[in-house]
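As a plain string of letters, each chain reads:
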Amino acid sequence: MENTQLFFNFVPWIVFFPVLGLLLNLTIGKKLSENGIGAIAVLASASAFVVAVLQAYSLSIHPEGASILVAEWIHVGDLAIDWTFRVDTLSVTMMLVVSGVGTLIHIYAIGYMHEDVRFHNDEGRFKRFFVFLNLFIAMMMVLVSGDSYMMLFVGWEGVGLCSFLLIGFWYDFDTLGRPSFANSNAAKKAFITNRIGDFGFLLAAFMMFWQFKSTNFDNVFAVVANAEPWVILWITIFILVGVAGKSAQIPLYIWLPDAMAGPTPVSALIHAATMVTAGVYLVTRSAPIFMLSHDAQYIVATVGALTAIFAATIAVGQYDIKKVLAYSTISQLGFMVAAVGMGAFAAGMFHLITHAFFKALLFLSAGSVILGMERGHHHLAHHGHHGGKHDEEVFDPGDMRNMGGLRKQMPVTFWLYMVGTVALAGLFPFAGFWSKDEILADAFLEFPHVYWILTGAAFLTAFYMGRQVWMVFFGKPRHEVAAHAEESPLIMTAPLMVLAALSVFGGALNLPGVHTLTVWLEHTIDIHPGEFNMQVALISTALALFAIFLSWLLYMRKPLTTGQPDPLKRILGFAFTGMENKWFVDEAYKFVFIDRYTDLAKFFAQTVDWDFWHEWFHNSVIAAGFVGLTKFLANPIDLGIVDNISKILARSIQYSSENFRKVQNGFVRSYALSVMLGVVAIIGYLLIK
Amino acid sequence: MNFLLEPLNLVTFFPLLGVLVLLFIKSEAKNTIRWVALGTALVNFGISLWALSMFNSSNPDLQLASQYSWIQVAGWNIQYYLAVDGLSILLVLLTTFLTPIAILSTWTAIEDRVKDFMVFFLMLEVGMLGVFLAQDLFLFYIFWEFTLIPMYFLIGIWGGPNRLYAAVKFFLYTMAGSILMLLAILWLGVNQGTFSVPELVLKGGIPADVQLWLFIAFAAAFAIKVPMWPLHSWLPDAHVEAPTAGSVILAGVLLKMGTYGFLRFNLQLFPEAAVKAAPTIAVLAVIGILYGAAVSYSQKDVKKLVAYSSVSHLGFVMLGMFALNAQGIEGAILQMINHGLSTGALFLMVGMIYEQTHTREIAVYGGLWKITPIYGSLMLIVALSSMGLPGLNGFVGEFTILLGAFGSKAFGTPIYAILSAIGVILAAIYILYMFQKMFLGPVGKIVEEVKHHGHELRDLNAREIITLLPLLVFIFWIGLYPAPFFNLIAPAVDKLLIPFRAILGG
Amino acid sequence: MTGELFLFFILALTAVLTAVGMLTSRNAVYAALFLVLNFAVVAVFYLMLGSPFIALSQVTVYGGAIMVLFLFVIMLLGAENIKAEVTLKKMWPALVLSVTLLGLIIYMIVAKVPMVGLAAETSVADAAPKPLAVSLFSTYLLPFEITSFLLLVAMVGAIVLTKQEKKGAGK
Amino acid sequence: MIPVNYYLTLSVVLFSMGALGVLIRRNSLVVFMSIELMLNAGNLAFVTFAKMHAANLAAVHNGQIFVFFVMTVAAAEVAVGLALIVLIFRKKQSIDLDQLTHLKG
Amino acid sequence: MTQIDFYTIMPISVLVLCASLLLLLEAFYPKGKQKQIAFFAAFGFALTLGLSISQLGNSYSGFGGMVVLDGFSNFLNILFLITGLLGVALASGYLQRMNINKGEYYVLMMFSVAGMMLMSQATDLIITFLALELLSIPLYVLAAFALNRTESEEAGIKYFLLGSYATGFIVFGIALIFGATATTSFAGIVAAIAQPATNLTLLLVGGGLVLVGFGFKVATVPFHMWTPDVYQGAPTSVTAFMAAGAKAAGFSALLRIFATLFPSFAADLMPILAVLSALTMIVGNITAIAQTDIKRMLGYSSIAQAGYILMAFVPFGDPAIRATAVAAGLFYLVAYTITSFGSWGVVIGLEREEGKGLDINDYAGLGKKYPWLALAMTVFMFSLAGLPPTLGLVGKFYLFRAIMEGKLYWLALIGVITSLISAYYYLRVIVIMYFKNGDPIINKDNLLYMSIALCVVITVVLSFMPSFLFSWASNAMLTMF
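Order-wise, the sequence lines are chains L, Z, H, W and D.
Quick note on the numbering used here: the first sequence kicks off at 671 and runs consecutively.
Quick note on the numbering used here: the second sequence kicks off at 67 and runs consecutively.
Quick note on the numbering used here: the third sequence kicks off at 29 and runs consecutively.
Quick note on the numbering used here: the fourth sequence kicks off at 52 and runs consecutively.
Quick note on the numbering used here: the fifth sequence kicks off at 50 and runs consecutively.
Hints in this document: simulated from the structure, not taken from any laboratory.
Keep in mind it's a predicted model, so treat the numbers as computed, not measured.
For every residue, glycine included, the Cβ atom is placed at its ideal position computed from N, Cα and C.
Incorrect hints may have been included.
To be verified - Okay, the calculated bits of chain D under chain L, using three or more residues with CB under 8 Å as the criterion:
#1 252 to 265
#2 370 to 378
#3 495 to 507
Stated by the list, open to error - List time: in silico BS3-like cross-link candidates among lysine-lysine, alpha-carbon distance up to 30 Å:
#4 W/LYS142 x H/LYS140
#5 Z/LYS436 x L/LYS701
#6 Z/LYS92 x D/LYS485
#7 Z/LYS342 x D/LYS485
#8 L/LYS883 x Z/LYS342
#9 Z/LYS511 x Z/LYS436
#10 Z/LYS517 x L/LYS700
As the list claims (entries may be wrong) - Covered stretches of chain H (in silico footprint by chain D; criterion: 3 or more residues with CB under 8 Å from a CB of chain D, positions within the stretch not fixed):
#11 67 to 81
#12 177 to 184
Construct the entire structure; sequences and hints are all you get.
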């Protein structure tokens, strides 16, 4: 697929621009102001967006796309992996979303980080943030534009690294700004969990190579149909492990909630809009493989659906504004994975895009809320109100129980948040409605059990979003900080408005009947447009409205007061405790895996390797045994051979030890005796042999 | 004179010239000594590049040979025979490349008996180069044993508090392996009538049962050196006690002598035995990978952590090598280089902080990235390279190795590759653990302690950055564009694989 | 049993008994005297074996020179008595080994050497001193010369060892 | 007609007794005497063998001359040996071998 | 005495003559100027050495086949004479420092060397026996030469008594051989073996007893016990001479006797030799580890080295390989002689009066204070341990190869394992020299240090060009068979 027409040749720049940006910031960033740094980063990201747009334009003329070889990478034997960029409708869709949303978030971050670094008393890290952010864009571009599984994997791990770096951005604190290893633990957890997923990815790649002699998409898809079913099944399962890691599916989703330790733009960009959807992209990309195995589709769809509902239940029980969104993200990722698992690739991609819009919007608005709270907190602390009190007890600006009534303090943010909420809840005609319904409609046809589970999840989605909005923006401030919260500046809200607009009108991308996106993607993957199912749409809309009503009943009719336990607790009892505590999955993992591995490692290191192998075996058995033997040979044989032999003889004839001690040891005699011994042995051997 | 102008002779023995010069410099002129040593090592690196320029990478055979009959009496046929091929060229370059870097790292770390140190160091370089270049078993054995001597002194004189124990242990364990190899070498010389490796390869025809014994005898020497589990017990001692430069060379080059030995001798000379032994080696390698990673994770001493990580990394090398296919072996060779670069850099960096704080206990560190940002960032890159992040060198090696092992006909099952791939996860765990506890989190108490002694914990200085920079260049280069390196290796590996293709089919 | 054999047994018994005497006597003088007696008996054996020259040498060199020297030293040192000598029963290993050696070689001799009788009268003339002397100074000239140097060395050695002592004592 | 074995046996008995003497005596003079006894036993064997090979004149001479040289050597050894013993006695006032245990290990 | 007879013993005669002259000279020489005696002795050795070298390539048989002068004996004679020269160089300063400077020392040494030379040339058991005594008796005296030290006397009497004891066995052994073959001449014995009437058992047992005697001289286990005591007690210069010369002489006799007389009994003797060699290597090396006195340690080391040399003789019965095997033994003998001389030289360099400076710990700090001397010692230790770049490694390589050719894999295995063990104690010396702090004192003795330097040079340089020495050794062997 060598196509060098139009702007296809420019595609490597989609990576080079962000890299250039980060290098610029690395080298000359020190001399620039914050705005300068931000400008470079935004420009880098925006340039990537421009490249993506150019690609889209080129594709609109040459929809068959192109592969652009940059350099050879790993050529060993019959293994040939190259740095080849792939331009097709699917990759360009992702490029557009990533660079588009990314650019908006870059802009937002200039404002956000300006304040964030000041709240943390470390202004030096402003530059570092944008370097990482640009690196992320570059890696994400590698991920989506790679022409082979292995190049995809480079981006795959690369974004994992960026995720690690950005979650641990405030590595010396916990989420509340206290000195701690907590944030870095979260970062580490994300990386390691992702690595578990990568393990699956790698095995899938190995299997592909040995079965199909290539990891190149086209080459693999060309011959995959001839493969035996078990091969397909295993490849898909291994891919699923990778997807579970990256896209936070059961059982590897655990890192994502902790990832909220990163600054909010990071949560929005990486852990909601782009990186976590890489798994969805991967499955979509691997559509020709998944299509071949009904079992694989079944497994993937089920995993996605279960994740969707499981995470949604947890989201219901969270108090942290970002944690709710995080679990919501997991849940929505479950929707997407279920969709692509069922073969509803267009629906999955559609939801991916709309979700990127409204979830980014929600996260960024949440960031705005948190910063607003921080500002209030700051304001209070500076004005000396209850200064002593604040020093003792750390204030959590993200805790919804501290909020309430923010609608008045932060009106812009409130409205933006509302748009996002409605879109997420899937109310007509917002973007979320169209994409979610397309998934549900497909599920209804393909896997009824998935449909029912997802419907339940959708219901919960509307419920927890309602709960959140009531708790955050309505009622009375439950903390004096909330009463002093301040609105965010324009540099932060402006990108949000763009996102809000996209959230409202994003549904237009793939409206029933028109199927713009589907048609677009059809050039790349073999898909069929989904049918709009009125029944499904109605049921889900009704359920969503009912859920919002329920949440209104619980949280709005009698707004929460300070220190009041969640009203759901009364109703659900233990079940809510489970939700609050994330069903104790983290604890279980810690107990089953982390602690056991730590113990095992300690056991190996201390007991097996050091105490046993190093100290006991090498030092005691080998070394000491050797020394002992030496001493034995040095002393008894050389000095006391007479003693020893006579000792044995003496014992054998029952001599008393008294008598034995009287045996006098003449050394010359001993020596002579030794000679004699040799003589007798030699003569004896010669005569008797 | 012609003898000395042959590139391989020149590259091998040039450091001796430096030694000679050093002998005439007063011990007090420490800086002169350092410059002379560094200059010698750098020139030698240049010479090795010159040799590389003459190396024809498409030729799978031994090249640039310097071959003279040496001891030829009474049916004894020992040659002076140095030559290089794709299997060894990279290791030669690695040696000449790491030596100046290691010397540079000692600039302020070694103040005591600088002259002796440099003399031993340059002699060590001679020995290592000889090992990689010798194509006569006797000559190889001489160089092999010779490397022990300077290393022994480097550990024993300039090492840590427990250096005597470590030095003697290092010496005896390595020697213990090599004596069996000596017997095997003699068997070959006696029964095959030649000590020349290429001739032996050509001749072949060693009965299968004997091959296995010889294989074991050679493997004993190399496995201890690698070190393969469970023969690794000398390694933590040697590494922890050795001075930084010693650790760098030990991890960077000396361990590779073991893996190289497997490649050059065990695979080339005893192909049938190698096929037979492959599953066993794979089991040991897998245990080494997982065990090394687990044990690393539990270390409190950062140098020990890095030392044990070598057990894990070299497990990968062994696994790849005995996959007996192109991917496995080429990956293994590249991974030898990668490990030399990454682990060498890790040791260098551990040494740099140790020089300031005099402690290697992980727990006292923390938050270093904030205090020493350059150091932290470089450490991050090196750590990522060590755990095999795509785009950096470690990945290219590990990936090709695992890929090779996955489809290896010699193993017959992908299970080894799958288990080893778990090692990739575990690598992330211990590396990140190390990085987190030292560089992330709140600022550790060591910073205060250093202040207490009237110093300020400083970031890397220019010399230290210059020391690390070449390593970083290669870390990225190999990670992003390893083609030039693979191209050097590939023809020789293809040739190496011919007998295995015959045995295993395909 | 011929008279000759009878004589042999008597003499052999004497030889063994004197040897035992030497081994067991606490007094060094007695030991030396026992040994002289033993040498004398062996000299008779030499005669019986047709070696008059050797027999004569035995008496002069061994009995006359060596043993006198021994006695002289014993007397000189006044060291004829050594207290707390070892008794045989405490030296089991030595005894066992010696007896084993004895047994082994005797076994060899009995088993492997033919029971050839040694006629007393055969070729006595050939072993007579004169042809022996001729042989000594022709065929065996070199070893003979060597022995002269050997004795010289021994003399020098003995002088070196004892001379210094006198000097040291004098100082 | 005394069988050759008789002589040889006697020689071996004497030799073994000499060897035993070295092993069990502490008096260095007596030990030395025991060694002389061993040499003497060797001589007896030589002469016996010479007699056994009486048919061969060269052999007879060879054996007997060897005996002669052994005696000479014994004399030389005695000179040195007694000198050493005297030396030791002067220093230690004893010729007890068991007191010569400074060197060991 | 014919001309040929004369040529055969010419070097020995010259040496003996020189010794006799020196004896006279010494008697009339003014006291206090005896250092020049050493010079004369060295001159005597050098003269003889020149004669021996001039006789290279010649082959004579004299005195009715009692002595020969062939390549083998020439090779060893040169080795003995070099030993003598080095012995003089080591002794001259040492004797003065130890206050035992007497001219007889050199006279006795020269006689002893004459005995060694005679031993290598002997082809008649009478000569062998007399040569053995000629070399031993001076050594008995020399061991006790430091009359002011009790240890020296003790060493002398122990060496003397046990040496005589061994002589007793040799005499009886020769008697048995004579009994079996009716002759003591090698040629005669070889001829007799071919005859069916010969009593082979007697011969073999006689050979066994002779083996014991020479085993004692070269200190193989279990005939080795005198070695450490005597090496420790004797004046160090004597020890050096003994460890190198006497051992080499013992081997030369063993070699000639066994290679000439007993090849047909190889099957019977090989297990004995192999076991002796193995035991020697094991016991020698392992016991050395426990030593703290450097002389004692080197004593045990020399026992162990004897085991290695003996190893080369094990396959002496295999005509296909015995030449190379035994040549390997000779080669190793040379390597050992040079190296051990050098190491004893270093010991002498550090030895103070009254036996101070002999503990291994007295070497602490040598590497720092006297780097050259420490380097020399390091080279010797490496050579003894068989590490590059030294003659010892090449020697071991040859040895093990010979054993492998003889298919004695187990013995080779023991050899390599024990050489690993040996590395431990050789290394300890290095460890102490370099890694421990101390303030060693060394003696001023230029001649000594020049000799040590010479040994270092030979040890290292010859390791790079061993062919010449090896081909010489194997040619020497071929002249014998």
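Now the hints, each set against the structure:
Given as covered by chain L, the region 252 to 265 of chain D passes the check, having 8 residues with a CB less than 8 Å from a CB of that chain where 3 are the minimum. A stretch counts as covered by a chain when three or more of its residues have a beta carbon under 8 Å from one of that chain; for the region 370 to 378 of chain D and chain L the count is 0, and the coverage is violated. With 0 residues carrying a beta carbon less than 8 Å from a beta carbon of chain L, the region 495 to 507 of chain D misses the three-residue requirement, and the given coverage is violated. For the hint linking W/LYS142 to H/LYS140, the alpha-carbon distance of about 50 Å lies beyond 30 Å, and the restraint is violated.
Proximity of Z/LYS436 to L/LYS701 is assessed by CA-CA distance (about 19 Å); at most 30 Å being required, the pair is judged to hold. Restraint check: the Cα-Cα separation between Z/LYS92 and D/LYS485 comes to about 23 Å, which is no more than 30 Å; the hinted pair holds. With a CA separation close to 48 Å, the supplied pair Z/LYS342 and D/LYS485 exceeds the 30 Å bound. For a cut-off of 30 Å, the pair hint linking L/LYS883 to Z/LYS342 stands: about 26 Å separates their Cα positions.
Restraint check for Z/LYS511 and Z/LYS436: the C-alpha separation of about 14 Å stays at or below 30 Å, so the hint holds. About 27 Å separates the Cα atoms of Z/LYS517 and L/LYS700, which keeps this hinted pair within 30 Å; it holds. Here the region 67 to 81 of chain H counts 0 residues with a CB under 8 Å from a CB of chain D, which misses the bar of 3, and the coverage is violated. Residues of the region 177 to 184 of chain H with a Cβ under 8 Å from some Cβ of chain D number 6, which satisfies the need for three, so the listed coverage holds.
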